[in-house]
Each structure stands twice: as structure tokens, then as C-alpha cells.
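Starting from the known structure of chain A, arrange chain B on it as the hints suggest.
Spelled out, the chains give:
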Amino acid sequence: MLVAAGLAGAGCAPGTGDTALTADALRELPWDSIVEHARDTELVWRMWRGDPAINAWIDGWVTPRLQESFGIRLRVVEGQGPELVNQLVVEREAGAAGGADLLWINGETFRNLRDEGLLQGPWADVLPSARWVDSTSAIVMRDFEEPLDGFESPWGRVQFALIYDESRTPDPPRSVAELGEWIRENPGRFTHDQSFTGMTFLKGLMYAVGGGVERFTGGFREADYHAGRDSLFAWLDAHRDAFWRGGEAYPAGVAELHRLFANGEVDFSMSNNQNEAITKARQGVLPPSARPLLLEEGTIANAHYLGIPFNARNPAGAMVVADFLLTPEAQLEKLRPEVWGDGTVLDLARLPEEIRRRFEALEGDPRALAADSLERYARIEVDAEYHERLAADWRAEIRRVGR
Amino acid sequence: MTRRSLRPLAVGAAVAAPVFVGVGYAAGASIGMWGVGAGDALDPRRFVRVLASPVTLESTLWTLRVAFISTLLSAVVAAALAIALRRADRVGRWGRALAVLPLPIPHLVAAVAALLILGQSGLLARVAFALGAISGPAEMPPLVFDRGGVGMTIALLWKEIPFLFLVAASVLATRGEALEEAARRLGASEWDVLRRVTWPTLWRGLLPASVAVFTFVVGSWEVAVLLAPSDPLALPLLTWERYIDSDLSRRPDAFVLALLGVSIAAVAVVAHELATRRPADTRGTAR
Chain A
-11 MLVAAGLAGA GCAPGTGDTA LTADALRELP WDSIVEHARD TELVWRMWRG
39 DPAINAWIDG WVTPRLQESF GIRLRVVEGQ GPELVNQLVV EREAGAAGGA
89 DLLWINGETF RNLRDEGLLQ GPWADVLPSA RWVDSTSAIV MRDFEEPLDG
139 FESPWGRVQF ALIYDESRTP DPPRSVAELG EWIRENPGRF THDQSFTGMT
189 FLKGLMYAVG GGVERFTGGF READYHAGRD SLFAWLDAHR DAFWRGGEAY
239 PAGVAELHRL FANGEVDFSM SNNQNEAITK ARQGVLPPSA RPLLLEEGTI
289 ANAHYLGIPF NARNPAGAMV VADFLLTPEA QLEKLRPEVW GDGTVLDLAR
339 LPEEIRRRFE ALEGDPRALA ADSLERYARI EVDAEYHERL AADWRAEIRR
389 VGR
Chain B
-4 MTRRSLRPLA VGAAVAAPVF VGVGYAAGAS IGMWGVGAGD ALDPRRFVRV
46 LASPVTLEST LWTLRVAFIS TLLSAVVAAA LAIALRRADR VGRWGRALAV
96 LPLPIPHLVA AVAALLILGQ SGLLARVAFA LGAISGPAEM PPLVFDRGGV
146 GMTIALLWKE IPFLFLVAAS VLATRGEALE EAARRLGASE WDVLRRVTWP
196 TLWRGLLPAS VAVFTFVVGS WEVAVLLAPS DPLALPLLTW ERYIDSDLSR
246 RPDAFVLALL GVSIAAVAVV AHELATRRPA DTRGTAR
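As you go down the protein sequences, you meet chains A and B in turn. Take the first sequence: its position 95, counted from the start at 1, is 83 in my numbering, and no numbers get skipped. Take the second sequence: its position 102, counted from the start at 1, is 97 in my numbering, and no numbers get skipped.
Rather than coming from a laboratory, the hints here were simulated on the basis of the structure. These figures come from a predicted structure and were not determined experimentally. Treat the hints with care, as some may be off.
Label-pair distances were calculated between CB atoms; the ranges are [stated by the list, open to error]: (1) B:ALA75 <-> A:SER155: 47 to 57 angstroms; (2) A:GLY48 <-> B:GLY90: 44 to 54 angstroms; (3) B:ALA92 <-> A:GLU321: 47 to 57 angstroms; (4) B:LEU174 <-> A:GLY272: 58 to 68 angstroms.
Over the 12 angstroms line for every Cβ pair with chain A, so calculated as not near, a few chain B residues [as the list claims (entries may be wrong)]: (5) ALA36; (6) ILE64; (7) LEU80; (8) ALA94; (9) ARG142; (10) SER165; (11) ALA168; (12) GLU172; (13) PHE211; (14) GLY256; (15) VAL264; (16) ALA270.
Don't be surprised by glycine CBs; every beta carbon is placed ideally from N, CA and C.
So here's chain A without its partners, still in its complex pose:
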């Protein structure tokens, strides 16, 4: 058996990357054979390394298990979303071998990578654990309305939530109108950041004041975008002088917003992950009384995914790792609030009784949002172009105060 593994491993050992089968070719092989291709290889995973809790889970839980079960040596390198596209374009121009085998992606990055032909596929549909995935969910099975087409494998699902401090704000606003009133009554105590989380907040606000998410679904339409943007900017114009710093400055990223919130400069933070209020409070980054908050108009839910770049040296290893991360055990561990609090993409009804109970027990945290209210208030991500255009227009029209 060792000999067989050695022979199979030799075919795609690091350094002979050119001979490695691509993911769409591997897809035709039986899973056992893909696992053998992956055995005793190095796998480079390029991902966002900005959260110590996520890093600790990857390094302390995922890495040793991959080594033990598959002989895969996982090496994690830094690089997130928008930078990945630039890097792969340069690698393609230089004809260089890939710097990564697996990428953590979603949304406009997925679309950009596919438009540029920088992803391998299809492959994700043959993963054994894909059978547990909640295949009826529009949030998991579509990435900013793009079909996955087997070019990326889901591995986490999150939902946007505001974060407030129960002891500071015992009666928080529950709707967009109430939030607006609250901002006017408490000038200087609310803001959002300029990067992805802040833009998700604005997009959700655009759904709410621009006629509901239905108006924006089904692809990008210029007229609907204009109407939605104008409603959103009218709302912002009516409130932003009561934002932090009179709406003349915005924190660069959500980490800076968390700091302002924790230090009492503002009374709200926000996150794309509904569980972050709890996990960050556990880490001491946010106060212990920090709680997630949904508005009744709903908040944006989306999933994150794993993709294999066109020039990956080890596609077999990438498929095995993507499958491992989809197993109920890995999904459960990742969901635990003391680990990461990243929502599962699995359909609990499909899981064996015993592990389903363990999932349900986790969802019982009294501080967390109940699963049924998350589901009820979840709104999908619309076409990525809405995101692109809104970010550009917000920078030009709202952020620029020196006009």
C-alpha cells in the first residue's frame, strides 16, 4: 500500500507541477484515486489572514488533520479577494507556475476570476461531502447571483448584522426608520467603514429604501440601479451630518470600526458574519455585552467559497482539502463560537442524527440570533455590478466632502 501511495504521489509531487492533472480531468476519476494523487503533497492555500481566530483554527485544527489523514502538508499564505485577480493575471503573463493551489473567494472576485478565465473547473460537484450541502439555498448555490457551475465549492455562510452594546443601548433600533431616528437623536455615534463590510451595509440599505431586494435581482439593470442609488443617497444626505465626524471621515476597514465601537466613540459596529459580535466579545476585542442586531427590512446573507486557480500545481490536493472543509466535523468545529462562528453551508436535515444534534446544540446560544429569524431576514446578494457601481459612486458622491 505504501508503494502504491508512493507511486501515485510521484505523479504530482511538488516540482513536477506541469504534469499534474487539472481539476476538471481529475473529476473523471474515482474519489479514491484523487485522494491518492493528493497524498504526500504540499498544498498552498492563499487566504485572508487577518483574523487570529481563523488562523488559529486553520493552523491548529485543519493543518494537523490534513497531514494525518492524507499526508497533505498545508501551507497557508496571505492574499485576499481583489488582490488575487491581479496576482494571477501577472502569473499568467509571466508564464509562472502558480503560487497557490486553493483560493478563498466570493462575490465580485469569483466573477472577475471567471471572466478572466483564471479558475479551473468544473470540479466542486464531485466532492463526496457535496451531498450534504444545502443545494436548495439561493444563498449558498449562487454567488452574487452567479451560478457556481462547479468552479467553486462553498465552505461557509454568513449574514450581515449590526453590532450594538446591550448595556449602552438597551433598546436598539429595529428598522431602517428607527435607525435613522436613532442616528438623528445621537449625533456622532454611528458610522460604517469604507471597505467590504461598509459597502454591504450600504447595499442592504439600498434594498431597504430602494424598493426591496426584488427590484435588484435578476441581473444588473442601469435604471433600477440609478433609482436605488438615488434613494440611498437621499437617505444618507438626510442623516450623514449626524454620522461620526459629521460624515466627513469614515474608518478604513471594519477592524477600525470595531475599535471605535469598543472604545465608546460610536455605539454600533457591524459585520458580514452574524456571529462576530459573540466571537469577538469572547476574544476581548468587543465588550462582553456586544450583541448582533438585524433590521426588519432584512440583511444580506452570502456564502464564501474555495476555488482552484488555473495554474495550481496541486489540484488534487486542493479538491481533497475543499472536501475536508465540507465534512460535517469541520463545518461543526468552524461554527463553534469559541473557534470562528462561521455559519455552515450544509443542510442539517441531510446529516446523520448524532451530528445534527451537535449542530442544533450550538445554535442554542442565547446571545446569538435564532436560526429561524436569520432565515426570515436573509436577503440575497444581487449581481456584483451593483456592488461595483455603488462603491464607486459612494466614493465619488458621498465620501468626497471637499467638492
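Only chain B this time, still in chain A's reference frame:
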């Protein structure tokens, strides 16, 4: 011309090669010859679009202003410190050693420290609150993310003063003393020595290092990202924002902006060369 006389040029070119490669790549990427966002046709008009945009202008002016003010203040304070700490005794030596202490601290760390001290909920604000001077964070004057760039300037001063002080102190030690002694023997008063010998020696010696500080600040991303305002956006931040724009077609803008940053640095260096060139500069050929 002999072969030997070309050698310095070749060595210099070898050192500069990465710069030429980088500038060449950026130039090609900015007109859509290659790189992310490159379309089917070249787009040389992007240069005009980006450079003529008010956002670029505001960003450039803001960055130049912060760089100029922080460089000027650093140089003046560094020169004054160098003169004040000139004593040859042990106290002078200790004073000089202490004054260069911030030198090994990374700029990023200095910026984080500035954030924690100067922010509206930072250390200063907490002291002011404890003393009853303010009743909440909003009453603390904004010193970070401020449109004036006060917090960023303070962080830069704390880092650049020790660097320029080190240069100033060594200029005085190596070039100043003999000239000053000669002036004194010729009967100059202490004021005259300071005005006509020490000061000209100092500023000539400090100028190259000041140009280095200025160009560094123009390109400094790590201090700006933590302390600069969201409007106008500092040039390095604007460059980065375009580089990772979710709309791929806007990413080549970043290369135009990067070339703008390089041009500012080049202009500063050339201006310095012209300003310090002596009327009959024959130093190179006299040998």
C-alpha cells in the same frame, strides 16, 4: 571616452534596473498593454482622465502638503536639536543617544501608537476626560483621520526628526567644527558663527536627507492607512484603492497614479540637484 570612464554609469544602471523595469511595467499597464484590466485596445487617454480628475488633484495636493510640512518641521527641529545637543561631555552623548531612540521603531508601529494616543478615545482624550476637560470622545479635537493631517504629521515627525538629527549631528561633527573654529579665530562673534558658518553647513548637509524624507512621505502607505482622512485620500491610499477596485476596468488607474508618485519623487531629486549645483561645477572632471 575610455572604457573605464563608463564603468560608474554601468554600475548605476545595474542598481537602477529594477526601477526601470517597474516604471516600464507600470507605463504599459497604465495604457492597457498588459496587466489586469487590459482590454482589447490600448487606452492612452486613461492618463488624461486620471490625471485631470479632481480626485487625483486633491489627493496629490494633500499628500504634497503633508509631506512638505512634515519634512520642513522635521528638518528645523532636527537642526535645532543637533545644535542644542552638541556638548562633548557625557550628558551630551546620552542626550544624543536618547534623541535617536525612535529610529529603529517601524513606521507602522509609530502610526499605531499615534492612533492609540491621539484618537478621540485615545490616551490623551482619556487624560482630558479624567481632568474634566472633556465629557466625551466627540469633544476631543479630531487629530487622526483629520483633514488637516495633524495626527499623520505628528507620527511622521516623531519618526523623521531622529533620522534627520542623526544626519545633522554627523554633519556638524565632521564638517562644522573646523570651519567654526576658523571663523572664531578671525574674530566672528558666536552669533555670526551660528548664522554664517554653522547654519549654512547644516542646511547644505541636511538637504539630501530631507529630500529622502520628503519622497518617503509622499509614498508612505502604512502611516497614511492608519491616520489619514478618507477625504482627500492620500496618494498611496488612492493608488491602492484603484489597484484593488472591484471593477477590473478601473484597476489600471493605479498604474497612472503610481507613475505620478514616482514623478513627484523624481522632480524632488532633480530640483535638489539643480538647487545645490554650484555655478562652476567642475568637481566631476577636475580629477
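Does the no-contact call for B:ARG142 survive, Cβ to all of chain A over 12 angstroms?
-> 7 angstroms, violated
Closest CB-CB distance from B:PHE211 to chain A, is it above 12 angstroms?
-> 21 angstroms, holds
Range hint 47 to 57 angstroms (beta carbons of B:ALA92 and A:GLU321) holds or violated = 52 angstroms, holds
Say whether it holds or is violated: B:LEU80 keeps its Cβ farther than 12 angstroms from all Cβ of chain A.
-> 37 angstroms, holds
Starting from the range 44 to 54 angstroms, see whether the pair A:GLY48 and B:GLY90 falls in it by beta-carbon distance.
-> 48 angstroms, holds
Does the claim that B:ALA94 lies off the interface hold, with its Cβ farther than 12 angstroms from every Cβ of chain A?
-> Check passes; 31 angstroms lies beyond 12 angstroms.
Using the beta carbons of B:ALA75 and A:SER155, state whether their distance is inside 47 to 57 angstroms or not.
-> 50 angstroms, holds
Far enough from chain A: is every CB of that chain over 12 angstroms from the CB of B:ALA36?
-> About 17 angstroms separates B:ALA36 from the closest Cβ of chain A, which puts it past 12 angstroms; holds.
Could you check that no beta carbon of chain A comes within 12 angstroms of the beta carbon of B:SER165?
-> 38 angstroms, holds
Was B:GLY256 rightly flagged as not at the interface, with every chain A Cβ beyond 12 angstroms?
-> 18 angstroms, holds
With 12 angstroms as the threshold, tell me whether B:ALA168 passes as away from chain A on beta-carbon distances.
-> 43 angstroms, holds
Going by Cβ atoms, does B:ILE64 stay more than 12 angstroms from chain A at every point?
-> Since the minimum Cβ distance to chain A is about 18 angstroms, B:ILE64 lies beyond 12 angstroms and the statement holds.
When held up to the earlier numbered hints, the structure conflicts with hint 9 and nothing else.
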